Amino acid sequence: MNWKYVWIVLKKELKDLFRDKKTIISSILLPALLFPVLMFLLVKGGQATAKKAVENIKIVVQSEANINDIKDFLQKEILNTSKEKIQIVNIKNAEEALKDDDIRAILYFEKDFLTDIHAEKTGKVTIIYNTTSSKSEIVANKISQLLKEYKERLIYQRITSRGIDVSILEGIHITKKGIENQIDQTAWLKKMLSFIIPLFLVLYPIAGGIPAATDLVAGEKERGTLEPLLTTQPNRLFIITGKLITVTIFSMISVVAYFSGMLFLGFILPKEILQTLVYSKTFIAPLSILLMIIIGVLLAVMAAALLLTISTFARSFKEAQSYMTPLIFASMIPTYMVMMWDVSDFKVIHFLIPILNAVALIKELIINAEIIWTHVVLTIGSTLLFVILALIYCVKMFNKEEVLFRS
Amino acid sequence: MIQVKNLKKKFKKTEAVKDISFSVNKGEIFGLLGENGAGKTTTLRMLATMLKPTEGTAILGDSDILKDPSGVRKKIGILFGGETGLYDRLTARENITYFAQLNDIDPKMLKTRIVELTKYLSMEEFIDRKVAKLSKGMKQKVAIARSIVHNPSIMLFDEATSGLDISAARTIHDFIHQCKAEGKAVIFSSHSMAEVEKICDRIGIIRRGQLVAIGTVEEFKKRHGMNNLEDTFIKMVGDQS
Ligand SMILES: Nc1ncnc2c1ncn2[C@@H]1O[C@H](COP(=O)(O)OP(=O)(O)OP(=O)(O)O)[C@@H](O)[C@H]1O
Ligand SMILES: [Mg+2]
Chain C
1 MNWKYVWIVL KKELKDLFRD KKTIISSILL PALLFPVLMF LLVKGGQATA
51 KKAVENIKIV VQSEANINDI KDFLQKEILN TSKEKIQIVN IKNAEEALKD
101 DDIRAILYFE KDFLTDIHAE KTGKVTIIYN TTSSKSEIVA NKISQLLKEY
151 KERLIYQRIT SRGIDVSILE GIHITKKGIE NQIDQTAWLK KMLSFIIPLF
201 LVLYPIAGGI PAATDLVAGE KERGTLEPLL TTQPNRLFII TGKLITVTIF
251 SMISVVAYFS GMLFLGFILP KEILQTLVYS KTFIAPLSIL LMIIIGVLLA
301 VMAAALLLTI STFARSFKEA QSYMTPLIFA SMIPTYMVMM WDVSDFKVIH
351 FLIPILNAVA LIKELIINAE IIWTHVVLTI GSTLLFVILA LIYCVKMFNK
401 EEVLFRS
Chain H
1001 MIQVKNLKKK FKKTEAVKDI SFSVNKGEIF GLLGENGAGK TTTLRMLATM
1051 LKPTEGTAIL GDSDILKDPS GVRKKIGILF GGETGLYDRL TARENITYFA
1101 QLNDIDPKML KTRIVELTKY LSMEEFIDRK VAKLSKGMKQ KVAIARSIVH
1151 NPSIMLFDEA TSGLDISAAR TIHDFIHQCK AEGKAVIFSS HSMAEVEKIC
1201 DRIGIIRRGQ LVAIGTVEEF KKRHGMNNLE DTFIKMVGDQ S
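Protein chains in written order, with our numbering: chain C, 1 to 407; chain H, 1001 to 1241.
Everything labelled a hint here was simulated from the structure, so no lab data went into it.
There's no promise every hint is true.
[Claimed, not checked] Not everything, but these chain H residues come out facing chain C in the computed CB check (under 10 Å): (1) K1012; (2) T1042; (3) M1050; (4) K1074; (5) G1077; (6) E1083; (7) A1143; (8) R1146; (9) S1147; (10) I1199.
For clarity, every value in this text was computed on a predicted model and none was experimentally measured.
Backbone N, C-alpha and C fix where the C-beta goes; we use that ideal spot for every residue, glycine too.
Modelling step: build the complete structure from the supplied sequences, incorporating the hints.
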């Protein structure tokens, strides 16, 4: 191998592709931004609704008892304890207003509410809210919380006024320990990651490599640059090697861009989840992460070889793209298959089938605490074999004159 | 300089080149004249080592296309018609540099070589502009510069003027004469008899993969008693079928 030529080709191809807006957008920008932007909008949207819901809260009070007495009580005992200002308004058709999102809730106090409370009986109140409005729902929960707090104060008063210790009410005291909580969250996160990581580790090398791969051979054919290129000094092996490395780099850039996007997303995720990640040492072992990176690189090389083979075979840009696009969807099949299986369902044979084995192994590495080395060796070994076969096939294709000079 | 010996090329079904032999001397322009599908491109691609001949061989300079393809590639420059075959997103200079590097030009010599070529082809104005932004004529000049950056002693032109306007075609014709003056051996393929008659010293007429006649322009005219090559060509094609 004459690396001087490989390096010349690689340098030129990278320079050329980095000047192509289409390639930059679809191989780098899109994977980096798509997921975080979507999630960001979702989270921000949620926060905005929550904020809007507690801005300018209007409610309506209904009761067959003396409405002013009820309102006084509500204001003094309950609403005044709220951080957010809650305004009681008078509206004739309150239910319509609730449906139209003009008010957030209706509080209906039973006729005997105040007398019952004073008589140390149970006062009854109903919160009516609009189930289709998240703002209404948030306010209903808020008022419910305020009422509960009032209820607790009330009970405390009633009991202490009888000279009884309040602890009598608490039959048992339950403490929920954080550790229990953590395991739950890690399990949930692991499950999610065991789907997302393999999905994009398989998908993005292909999706991200397509623009580069199409350009590098089919594009050269179409623009007539391939013929002069083939009459230069380096033999075809060096040229195709330079191109293979270029596509591999773009495939990996896409994956890295995607995961950078995920990391960025980490900053806007709920803090508890981040803390769990940081503090649980057993979350995903560094060795497992290293193994995933190795698999990721192998998958990128395999994708590059596959895509360049197709690009060489195709007569034109368009033809290449129409062969490659279905690959994106095909690549998702193993991921969805593995998603349905439990880690305990994996059999040795699964670790011999290319791509499927990578997906299965990554899932296993994330879910299981311990690394099963036979699976690792089988997966990396067979993937390596397929990578070598794909590379040989790609180089062969690039040396086939009936393919290279088809018109 | 160029010796083509019984070249044959068979694709799956078609025999594109059947049995072609001819030779071209230093400072000579050899015209390969033939209709569409006659086998011109296939012949030139074999000489340029892009295709492997099914049978026969050719010696270019002192390199055999089969035994020393890389030696052959060192000696040849190609200018193929249709697209100019340049990278749009690279500048003219970057395009030329890429091919210079791939042709083993000493990095120390590279800059001076590009200055030389820029002057030779008057490309000063656009040498650092992206190819996408160049006019057709400018691109033609860049393509010429690229084809001779390694100073080849043999030039292969395949339908190099097809689709060009008169002034761009003129640039190519001038360049071909320049090559002759510098002592390069030139093969120029075309399906235009008038063009071949105008610029070539010797002509080979290729028909269905075979050379049906070889000679100088004068010889052709004498042999067939015609005044111009076009009539001769038509007569020859008529003779054969
Ligand atoms: N890669 C290929 N595979 C199969 N057949 C081919 C291939 N290249 C050329 N041919 C066939 O070989 C014959 C000669 O083609 P060639 O391109 O050499 O002709 P040409 O003289 O250059 O014609 P044109 O003036 O159209 O360029 C044609 O019949 C063509 O269809
Ligand atoms: Mg041709």
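Per-residue hint verdict: K1012/H, partner chain C, C-beta under 10 Å: 7 Å, holds
Interface hint outcome for I1199/H [beta carbon to chain C under 10 Å]: 22 Å, violated
Restraint outcome when S1147/H is required to lie within 10 Å of chain C by C-beta distance: 7 Å, holds
Restraint satisfaction for G1077/H [CB to CB of chain C, less than 10 Å]: The hint holds - G1077/H has a Cβ within 10 Å of chain C, the shortest such distance being about 8 Å.
Hint status (Cβ of A1143/H to nearest Cβ of chain C, threshold 10 Å): 8 Å, holds
Interface hint outcome for K1074/H [beta carbon to chain C under 10 Å]: Since chain C brings a Cβ to about 7 Å from K1074/H, closer than 10 Å, the hint holds.
Proposed interface contact between M1050/H and chain C, which counts if any beta carbon pair is under 10 Å: This interface hint holds because 5 Å falls under the 10 Å limit.
Hint check: 10 Å Cβ-Cβ cutoff, T1042/H to chain C: 9 Å, holds
Restraint satisfaction for E1083/H [CB to CB of chain C, less than 10 Å]: At about 3 Å, which falls below the 10 Å cut-off, the nearest Cβ of chain C leaves the hint on E1083/H intact, so it holds.
Status of the hint placing R1146/H at chain C (closest C-beta pair under 10 Å): 7 Å, holds
Comparing the model with each earlier hint shows a violation of hint 10 alone; every other hint is respected.
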